[in-house]
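Given these sequences and hints, build the entire structure.
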Amino acid sequence: MKSPRILLVDDHAMFRSGLALLIRAAMPDAHIHECASVQEASAAVLDGVDVVLLDIHLQGLSGLEGIDLMHRRWPDAPVLMLSSQSEPETVRLAIARGAAGFVSKAETADDIVKAIDRALHGNSAAPAASPDAQGERRLTPRQCEVLDLLSQGMSNKVLARQLSLSDNTVRRHVQDILMFFDVGSRAEAVAAARRQRLIG
9 MKSPRILLVD
19 DHAMFRSGLA
29 LLIRAAMPDA
39 HIHECASVQE
49 ASAAVLDGVD
59 VVLLDIHLQG
69 LSGLEGIDLM
79 HRRWPDAPVL
89 MLSSQSEPET
99 VRLAIARGAA
109 GFVSKAETAD
119 DIVKAIDRAL
129 HGNSAAPAAS
139 PDAQGERRLT
149 PRQCEVLDLL
159 SQGMSNKVLA
169 RQLSLSDNTV
179 RRHVQDILMF
189 FDVGSRAEAV
199 AAARRQRLIG
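Using my numbering, read the sequence shown as starting at 9 and increasing by one per residue.
One should not assume that every hint holds.
[Stated by the list, open to error] Here are the simulated EDC-like pairs of lysine to aspartate or glutamate, each with C-alpha atoms no more than 20 Å apart in a straight line:
#1 Lys113 to Asp125
#2 Lys113 to Asp19
#3 Lys165 to Asp175
#4 Lys165 to Asp190
[To be verified] With beta-carbon atoms standing in for the labels, derived distance ranges:
#5 Val53 to Thr177: 29 to 35 Å
#6 Thr116 to Lys165: 45 to 51 Å
#7 Arg32 to Lys165: 28 to 34 Å
Think of the hints as simulated: they come from the structure by calculation, not from any bench. All residues carry an ideal CB built from backbone N, CA and C; glycine is no exception.
Structure follows, in structure tokens:
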């Protein structure tokens, strides 16, 4: 196998450097490029990327917001989310947005390297201890509210007023709902939700 090209995005320089050292010790041939933000990673001039390690809590654009940007830049590279905590709802949202898996910073170096190796070979790196995150994904209560109002034909502006949210927040919720159902339009999302009896 060719030398893996790994993009490591984390705004904690000490953690980032330490993790890069551990990966290099386990994968001596790996080419690791470090970035402190999604914006820096998006602008990086790289000769391809095989896997992205993306911290979920970043300054500026969050890791969750960065998943789509990473996929647009490197469509074939799986994105593994890094976090010091792995709340089931956050894991679900990351997977729904297209992350290949979720790696806790509390895991041993061995386990993190194994997760990277699994992602490089096309296998899920979602935490084994969270079957709910891999299998029975659920929408958040707020997303269910948005979905219900979408089914009534409301526009984003009307939705924002109804729920006292900003237009950007509503747009983000709608995008997450489309990703959750893996569809391209609001009408398809509503139809899928009705098939699954999530709405009337």
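Okay, the hints, checked on the actual structure:
The straight-line distance between the Cα atoms of Lys113 and Asp125 is roughly 16 Å, inside the 20 Å bound, and the hint therefore holds. Of the supplied pair hints, the one linking Lys113 and Asp19 holds, its CA atoms being roughly 13 Å apart against a limit of 20 Å. Between the alpha carbons of Lys165 and Asp175 the distance comes to roughly 6 Å, so the proposed pair stays at or under 20 Å and holds. Distance hint between Lys165 and Asp190 is unfulfilled; the C-alpha atoms sit about 23 Å from each other, more than 20 Å.
Range check, Val53 to Thr177: Cβ separation about 33 Å, and the 29 to 35 Å hint holds. A hinted range of 45 to 51 Å holds for the C-beta pair Thr116 and Lys165, which are about 49 Å apart. One distance hint, 28 to 34 Å for the beta-carbon pair Arg32 and Lys165, is violated here, with the actual separation near 50 Å.
The structure fails to meet hints 4 and 7 from the earlier list, while all remaining hints are met.
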